[in-house]
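J.: Chains as they are written, first to last, in the UniProt record's numbering: chain A, 1 to 209; chain B, 1 to 209.
Keep in mind the hints are simulated off the structure, nothing from the lab.
Keep in mind that the hints are not guaranteed to be accurate.
To be verified - Each computed DMTMM-like pair below joins lysine to aspartate or glutamate, with the alpha-carbon atoms no more than 25 Å apart: (1) A:Lys-171 - A:Glu-194; (2) A:Lys-205 - A:Glu-56; (3) A:Lys-207 - B:Glu-18; (4) B:Lys-207 - A:Glu-194; (5) A:Lys-198 - A:Glu-58; (6) A:Lys-4 - B:Glu-67; (7) B:Lys-199 - A:Glu-187; (8) B:Lys-207 - A:Asp-180; (9) B:Lys-4 - A:Glu-14; (10) B:Lys-60 - A:Glu-14; (11) A:Lys-205 - B:Glu-194.
What the hints assert, rightly or not - Residues of chain A placed beyond 12 Å of chain B at every Cβ, according to the derived structure: (12) Ala-3; (13) Glu-67; (14) Gly-92; (15) Leu-93; (16) Glu-100; (17) Ala-170; (18) Asp-175; (19) Thr-188.
Said to hold, decoys possible - To be clear about the criterion: a stretch of chain A counts as covered by chain B if any three or more of its residues have a C-beta under 8 Å from a C-beta of chain B, and this derived list gives those stretches: (20) 80-91; (21) 121-135; (22) 156-166.
Computed from a predicted structure; not experimentally measured.
Note that the Cβ used here is the ideal one computed from N, Cα and C, for glycine as well.
Protein chains: 2
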Amino acid sequence: MTAKDQTLGVFLDELASEAPTPGGGGAAAIHGATGAALVSMVINLTVGKPKYAEVEAELKDVLVRSEALRAQLTDAIDDDVKAFDAVMGAYGLPRGTDEEKAARVETIQAALKVATDVPLEAVRLCRDVIDLAAITADKGNLNVISDAGVAVQSAYAGLLSAALNVRVNAKSIKDREFADARIQELETLLGEAETLTKKTYDVVKNKVS
Amino acid sequence: MTAKDQTLGVFLDELASEAPTPGGGGAAAIHGATGAALVSMVINLTVGKPKYAEVEAELKDVLVRSEALRAQLTDAIDDDVKAFDAVMGAYGLPRGTDEEKAARVETIQAALKVATDVPLEAVRLCRDVIDLAAITADKGNLNVISDAGVAVQSAYAGLLSAALNVRVNAKSIKDREFADARIQELETLLGEAETLTKKTYDVVKNKVS
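The whole structure should be built from the sequences, with the hints applied where relevant.
T.: Written as structure tokens, this is what we have:
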């Protein structure tokens, strides 16, 4: 069963349990998907209203992108579980002979690279949701603009959460060139996201206060 | 049907739809519940391990509180829908006669007070989750400490999200003494939460980097 077919209550029960997945990576993906869904909601409550005719074409384009991001981030919940299981499976490989030991280390290292790239992709997707939330906060229906503020904070929490999983896996990778490139991209995305999230949240706060 | 009995996929579909609920208030509550669940997870993976025997009693107490907060925040998803529906219902009341007009205004104002107090309670609950995430980030199992970082960002996003709903409803309340008292409490909670969230996230970031 995929994560999206579980009930919310069961998902939260499993999150809280001593099973290591779903964990922070799944939560990160849900935060991002929630942000994308709220961008879509604000736009769905904006298009078709005469007052917002001027921004309708632009927002319809944003809606196509937010719905695609929502689908990708919902799938990312399951991708995180798979990547984690592969790392755990690799650590569990036999290490009786020198050959087995070498094969195990190689498999662990390959799995760690995947387990770094999967949350990095979630960071990129959340970064994209933040962009769309910023446009929506500027141009969306004023009556529901608070939801654009929730959207940006949701996506930013997803980004900060996935970032921790990038760091924790990159730390154990021996190929430092690979790991350093990921951390460098991460830092750039984090910096951009922080600035745009603060700006967007303030725009919304001023509109609703 | 309560929100927790819906599948995650259906919940996200409804969030994205043009139906105004579930909206940002429901997302705020889920963020908080996710944060509480991750506090519980880290503790469930800490207690019983000899290395963490010294903090076991304290963390077991935190677990009781995080599970109570998770239940309250999960219920808060439905409370938000009810509070919103009551405001919308009040705006829809007849206003043919002066008596009807007066009754309508009174009902709207009463509903707005509830719709301010419901997200303010969510802010308080998220604030409590942040406290527990801070303890967990300090004392929980190092192998899953990144999840304590996700927990604090989840709860903080929930708090910032619910805060917007407090503001938007408080703005329309004519009883300024009531509204100002809520905004004042909100500002205090926001200030405390920002400081503790940053501190906790940095603790985790340093442990995983």
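J.: Next step is simple, just say for each hint if it's right about the structure.
T.: Evaluated hints:
{"no.": "1", "hint": "A:Lys-171 - A:Glu-194", "result": "23 Å, holds"}
{"no.": "2", "hint": "A:Lys-205 - A:Glu-56", "result": "23 Å, holds"}
{"no.": "3", "hint": "A:Lys-207 - B:Glu-18", "result": "21 Å, holds"}
{"no.": "4", "hint": "B:Lys-207 - A:Glu-194", "result": "21 Å, holds"}
{"no.": "5", "hint": "A:Lys-198 - A:Glu-58", "result": "23 Å, holds"}
{"no.": "6", "hint": "A:Lys-4 - B:Glu-67", "result": "23 Å, holds"}
{"no.": "7", "hint": "B:Lys-199 - A:Glu-187", "result": "19 Å, holds"}
{"no.": "8", "hint": "B:Lys-207 - A:Asp-180", "result": "18 Å, holds"}
{"no.": "9", "hint": "B:Lys-4 - A:Glu-14", "result": "13 Å, holds"}
{"no.": "10", "hint": "B:Lys-60 - A:Glu-14", "result": "18 Å, holds"}
{"no.": "11", "hint": "A:Lys-205 - B:Glu-194", "result": "16 Å, holds"}
{"no.": "12", "hint": "Ala-3", "result": "6 Å, violated"}
{"no.": "13", "hint": "Glu-67", "result": "7 Å, violated"}
{"no.": "14", "hint": "Gly-92", "result": "15 Å, holds"}
{"no.": "15", "hint": "Leu-93", "result": "19 Å, holds"}
{"no.": "16", "hint": "Glu-100", "result": "24 Å, holds"}
{"no.": "17", "hint": "Ala-170", "result": "9 Å, violated"}
{"no.": "18", "hint": "Asp-175", "result": "17 Å, holds"}
{"no.": "19", "hint": "Thr-188", "result": "16 Å, holds"}
{"no.": "20", "hint": "80-91", "result": "violated (count 0)"}
{"no.": "21", "hint": "121-135", "result": "violated (count 0)"}
{"no.": "22", "hint": "156-166", "result": "holds (count 6)"}
In terms of the numbered hints stated before, the structure departs from hints 12, 13, 17, 20, 21, listed from lowest to highest.
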